[in-house]
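Reassemble the complex: the two chains are provided individually, in unrelated frames, and hints are given to aid placement.
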Amino acid sequence: MTNHKPSIAVYKFSSCDGCQLSLLNMEDEILDLAKVVNIAFFLEATRVIQPGPYDIAIVEGSITTPHELERIKEVRRESKILVALGTCATAGGIQALRNFEDAGQYANTVYAHPEYLNYLKTATPISEHVTVDLELWGCPVNKAQVIEVILALLNNRKPNLPPYSVCMECKRHGTVCVLVDKGIPCLGPATQAGCGALCPSCGRGCYGCFGPFRGANVESLSETLQSIERYPGETLRLFRNISGYAPSFRKTADKLLNMEAKK
Amino acid sequence: MNNIEVSALARVEGEGGLYIGLENGKAVEIRLDIYEPPRFFEGFLQDRFLQEVPDITARICGICPVAYQMSSAFALENALDIKISPQARALRRLMYCGEYIESHALHIYMLQAPDLLGKESVFEVAAIAPDVVTNALRLKKIGNEILKTIGGRSVHPVNVCVGGFYQWPDAAPLKALLPDLEWGLQSALDCVKWAVTLPYPDLEVDYEFVALHHPDEYAVIEGEVWSSKGHKVSIADYETRYIEEHVKHSNALHGHTVDGNTYLVGPLARLNLNYEQLLPRAKQALVENKISLPIKNPYKSLIARAVELVQFYKEAIELVKAYKPEGPAHVELKLKAGEGTGATEAPRGLLYHRYKIDDNGMIQFAKITPPTAQNLPRIEADLFALAPQIVSMDEDKATRTAEHLVRAYDPCISCATHFLKLKVEEK
Numbered sequence: 155m156t157n158h159k160p161s162i163a164v165y166k167f168s169s170c171d172g173c174q175l176s177l178l179n180m181e182d183e184i185l186d187l188a189k190v191v192n193i194a195f196f197l198e199a200t201r202v203i204q205p206g207p208y209d210i211a212i213v214e215g216s217i218t219t220p221h222e223l224e225r226i227k228e229v230r231r232e233s234k235i236l237v238a239l240g241t242c243a244t245a246g247g248i249q250a251l252r253n254f255e256d257a258g259q260y261a262n263t264v265y266a267h268p269e270y271l272n273y274l275k276t277a278t279p280i281s282e283h284v285t286v287d288l289e290l291w292g293c294p295v296n297k298a299q300v301i302e303v304i305l306a307l308l309n310n311r312k313p314n315l316p317p318y319s320v321c322m323e324c325k326r327h328g329t330v331c332v333l334v335d336k337g338i339p340c341l342g343p344a345t346q347a348g349c350g351a352l353c354p355s356c357g358r359g360c361y362g363c364f365g366p367f368r369g370a371n372v373e374s375l376s377e378t379l380q381s382i383e384r385y386p387g388e389t390l391r392l393f394r395n396i397s398g399y400a401p402s403f404r405k406t407a408d409k410l411l412n413m414e415a416k417k
Numbered sequence: 003m004n005n006i007e008v009s010a011l012a013r014v015e016g017e018g019g020l021y022i023g024l025e026n027g028k029a030v031e032i033r034l035d036i037y038e039p040p041r042f043f044e045g046f047l048q049d050r051f052l053q054e055v056p057d058i059t060a061r062i063c064g065i066c067p068v069a070y071q072m073s074s075a076f077a078l079e080n081a082l083d084i085k086i087s088p089q090a091r092a093l094r095r096l097m098y099c100g101e102y103i104e105s106h107a108l109h110i111y112m113l114q115a116p117d118l119l120g121k122e123s124v125f126e127v128a129a130i131a132p133d134v135v136t137n138a139l140r141l142k143k144i145g146n147e148i149l150k151t152i153g154g155r156s157v158h159p160v161n162v163c164v165g166g167f168y169q170w171p172d173a174a175p176l177k178a179l180l181p182d183l184e185w186g187l188q189s190a191l192d193c194v195k196w197a198v199t200l201p202y203p204d205l206e207v208d209y210e211f212v213a214l215h216h217p218d219e220y221a222v223i224e225g226e227v228w229s230s231k232g233h234k235v236s237i238a239d240y241e242t243r244y245i246e247e248h249v250k251h252s253n254a255l256h257g258h259t260v261d262g263n264t265y266l267v268g269p270l271a272r273l274n275l276n277y278e279q280l281l282p283r284a285k286q287a288l289v290e291n292k293i294s295l296p297i298k299n300p301y302k303s304l305i306a307r308a309v310e311l312v313q314f315y316k317e318a319i320e321l322v323k324a325y326k327p328e329g330p331a332h333v334e335l336k337l338k339a340g341e342g343t344g345a346t347e348a349p350r351g352l353l354y355h356r357y358k359i360d361d362n363g364m365i366q367f368a369k370i371t372p373p374t375a376q377n378l379p380r381i382e383a384d385l386f387a388l389a390p391q392i393v394s395m396d397e398d399k400a401t402r403t404a405e406h407l408v409r410a411y412d413p414c415i416s417c418a419t420h421f422l423k424l425k426v427e428e429k
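One line per chain: the protein sequences are A and B, in this order. Quick note: the first sequence uses this note's numbering, first residue 155, plus one each step. Quick note: the second sequence uses this note's numbering, first residue 3, plus one each step.
Since the hints were derived computationally from the structure, they do not count as laboratory data. Any given hint could turn out to be false.
Quick list of in silico lysine to any residue cross-link-like pairs, SDA-like style, CA-CA up to 25 angstroms [unchecked claim]:
| no. | chain 1 | residue 1 | chain 2 | residue 2 |
| --- | --- | --- | --- | --- |
| 1 | B | 336 | A | 409 |
| 2 | A | 409 | B | 362 |
| 3 | A | 275 | B | 19 |
| 4 | B | 369 | A | 336 |
| 5 | A | 189 | B | 132 |
| 6 | A | 275 | B | 336 |
| 7 | A | 409 | B | 54 |
| 8 | A | 336 | B | 248 |
In silico contact screen, one side only, chain B against chain A (beta carbon under 8 angstroms); selected entries [what the hints assert, rightly or not]:
| no. | residue |
| --- | --- |
| 9 | 41 |
| 10 | 231 |
| 11 | 362 |
If you want the footprint, here are the derived chain A segments under chain B, 3+ residues with CB under 8 angstroms [to be verified]:
| no. | region |
| --- | --- |
| 12 | 198-207 |
| 13 | 243-254 |
| 14 | 306-319 |
| 15 | 326-338 |
| 16 | 348-354 |
| 17 | 357-363 |
Just so you know, these numbers come straight off a predicted model, no measurement behind them. No residue lacks a Cβ here, since even glycine has one placed at the ideal position from N, Cα and C.
So that you can see chain B by itself, here it is in the shape it has in the complex (with noise of 0.2 angstroms):
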């Protein structure tokens, strides 16, 4: 096959670029490389008063700000040893609803089913089939009217503080959502039952699965680290078992196991991991759509999004409904000196933070993985892993198919994408 490059990867987040070095048609070396700026957030925070990190971190992603917001807002917690209110912790799951609800919609009609249909963009598929469009905006639009409704803005919301939130939001808006949100979950039903009738690439891929687990709930917030190998860690073990490393074609950290393996985070290691703390209505989702797990197929994550839009919309119902502010909306903040960890599952993956804070509350230490710094690794690997298929294709198909594996990974790659340069070279 000739060379072929593609000036950019689109549909995905930040700056970076895909080469695939090929010997006698077979791939062997491929680099994804990471253009995106370096950001220095953990520099950043250093010497900051812990309040004031939910806010800063958020601004790493403006997709995803929520799970930056809330990994902080435990760690820190952890750090000062308090615990926040039940109602702040059912509030806070609902805010996760509202994220997961937008960037998802977001993911499967705007970036990745263009890839499925043979369309270049969310308004080519509009061109063709504008019902299935406008209820994808709306389901969308719910996502952010729940963030709005708690925090004040969908992109870095204002309202989450460490010890809970600032202020409880007002009852009434959020109830206001209901008859959106039920309309919502219907559409989600039907976004499952379309999803599983798309013509995925196969690939099918070993992977590592690791996702937070919970026994009580989807977990989202807390619970443990769990892996499809059968290794449980605790929060604060994290870094024992997963590490980052800075290789040189990217600025973003790449993560493994400390027994140097590569591992998936996202939504298919959380289906796949924790299909059994589904609500009842999103398991039976599974069941009416016959959708057998595990899930082996990068390219279906779309599927396992559309099965937790069902589990977030859900779950968004029973929120809204049982949301009663009673008490203080935060702990009172004891500033004293330590160490915590916290990480929750952002809608791309597990999102783990570790910070030091002295007496008077300053950061002396942060550290962050963002879930596509663990991906990256494993996102090479299967390119490895499809490029026997994609060598025998035209140059054309080759190239989509390549950029639509990264895109399905949703790689929040500003957290990071907008050239992602596809090279194929022959040595």
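One chain only, chain A, in its complex shape (with noise of 0.2 angstroms):
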């Protein structure tokens, strides 16, 4: 490796904070890193602002204002490599919720004075807008991943990132399946491993926070979620919830409201 140390950019779009938060929760990393890449533009942890372009951008955040429609573009232009950090980059995340309603309703909901406000009517993930190299999912993302995706992209290599469901986790810490042994409706099955399967460990059905597992039959969990519900509706809320706008998960709950309406 030459001297030239890679330089590291963290930009924030609509969202909690909670992913670029992953970051400064590296306790045992965070200065091992700052002293093998260069920070040069991270506004949660430093004023100092170096000028692009940069060789890793990091973003947090979905795009849900004009604003932000055209600095992604900016982003774009100034880094080598793109990389969409946690769901709501990766899928819309929670404010995503809007592209099934109309926005316009909430604003009047939440806002006394929506003619202040200045929003696009949808919340949508980086990549619908440039080109992403890499998205890391999660709600939040999980800190080890994060540093396997740095190392990775320091090294030249592929991240190591697990190709399975949530359910495979399960199997390796040994927790009892939720779904079949107690019938609590799960979403294990259809998401993407990543988080530890940290809600069936407390006895409690997956939310999907990590997003659709791409090899999943979502169809065929849908059906099974139906059959044991503890409300009415609960499957359809579900999946539409935190990666409710990511492609597998809409089509199914778009599925349940058709199934509805027809009722």
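What follows is the structure, given as structure tokens:
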């Protein structure tokens, strides 16, 4: 490696700050990380702003305002590698719930003067607007996975991320299946691994915050879940939540709504 | 003074801007512009099942998700007329200890201290004082470990539910934290000692402090809403005295009292109103370090946070020692239509929630008043008070002093601010 320290820029779009906080929560690693990379732009951590271009841009949040729409294009122009960090950046996140309703109505519910606001009708993932080189899901992302991604990028290799669903993590931990054993609706079979199967290990069902697992038979899971609902519409609400705008969850929820409408 | 323009205020959460309009060397207009995109949480909550609410409201803030989970859980329990078990209540306090520890350690060392030490970031502080930063990171990590042990992860933990907890966490990993917690208590005491030596800018403000008050404990999760002007209202009556309004330059609502006055929530308000309920060790820290109350300098919120670090480390030790899970972790819910309010003290201040639910437990109405919305008008007023001092400073110092003031509030402008522009304009 040359003496050139790769530069990293961290950006926030519409989000809760929780994913970039995962960087500051690397209590054991952050000082070492600061030695091997040049933290060139990270407003939550430092006033210093070094001009681009940057080797790696880490982007948190979804695109929800006209200004953000412009800004993400600038970020892309300034960056060699762009990483979308967290479910807001990869799928719109919780903010994307507005995509299924009339955002104007939400504005009226929350704000006395919606005319003061300047927002888009939709909250969309980064990849709808610019080319994204790498996506890391999670609401919030898993700190260990963030470290893995940064290490992989620094070493010019592919990050080692689990290619299976949350179910595998339960099996590995010896967590008894909440769905089969207790009849608790769980999105684990259709959700990307990465969190460590936290919800089932607390005796509750997964609510899909790491996004859809690609090989999942979502339709079959949806049927199973409908047969064990604890309140009417539970399956629909499970799919239409934090990762609800991700294509396979979105389609499943739409289908449930259509069935509802035909009844 | 010439126009000052800073492209970004760093080390705060969210996006906003700062405008100071001057006329003959006096500030005539000050605005804290909040650009942080509007996020429609109260809208999203409509027609969701009540048990989903703590998971959704957590997403308002990655730094204080526990506060949002707690206020919503208490409000919904209130709507259903259920009371959680004493063990669940103690575990919620312990969880809150974890959040206070990680949030305060983050703010003290990584967000505000660089201002007081003339540095741009914690990385620069690490270069001159590596031990301070190493200790700071450990102090913060222990808070996150508490959250992880109880809730699975520190950001958006998954174990809190309406009725209590989904499952009791195992006692062994909690007890295993005790040596770290004892170390943390000592470090927190050192933190107070260090905090009182820092060079704070001068500014004394006659605040109306507002915080929860509880006769038997340092109020965090239940109590009455007290004001330093002598007003006391129940949580259910909060909205009869404290209201929010939507102003043009801000995507965050602005709070004030019904009399139209600004007020302050957060660590200064809590410490000034509730010091009698501090644990003896934290009280002793006040005496040992000759800290006299009330503290009215907003920059010195850091001292209040340091004292709270002692309080919550000590309380965490006691709660962990006493932790003995018995009986069900949550009360079974009997659904019925109703309305409920809940308020808890987030690290940044009072966080109020109100919900209406129908017979099936679906949310019909939600109202959330975050601490930063209540403090925004107060930050603007403080900048007015600060203006005569900063107009005589050079641009760089003026900018830093104004930025530092905003940061000292620990504003959560995502609950909000990554592009806080300071613009000082001669009219």
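Evaluated hints:
| no. | hint | result |
| --- | --- | --- |
| 1 | B/336 / A/409 | violated (31 angstroms) |
| 2 | A/409 / B/362 | holds (23 angstroms) |
| 3 | A/275 / B/19 | holds (24 angstroms) |
| 4 | B/369 / A/336 | violated (34 angstroms) |
| 5 | A/189 / B/132 | holds (13 angstroms) |
| 6 | A/275 / B/336 | violated (37 angstroms) |
| 7 | A/409 / B/54 | holds (22 angstroms) |
| 8 | A/336 / B/248 | violated (47 angstroms) |
| 9 | 41 | holds (6 angstroms) |
| 10 | 231 | violated (26 angstroms) |
| 11 | 362 | holds (6 angstroms) |
| 12 | 198-207 | holds (count 6) |
| 13 | 243-254 | holds (count 5) |
| 14 | 306-319 | violated (count 0) |
| 15 | 326-338 | violated (count 0) |
| 16 | 348-354 | holds (count 4) |
| 17 | 357-363 | holds (count 4) |
This entry does not satisfy hints 1, 4, 6, 8, 10, 14 and 15, going by the numbered hints stated previously.
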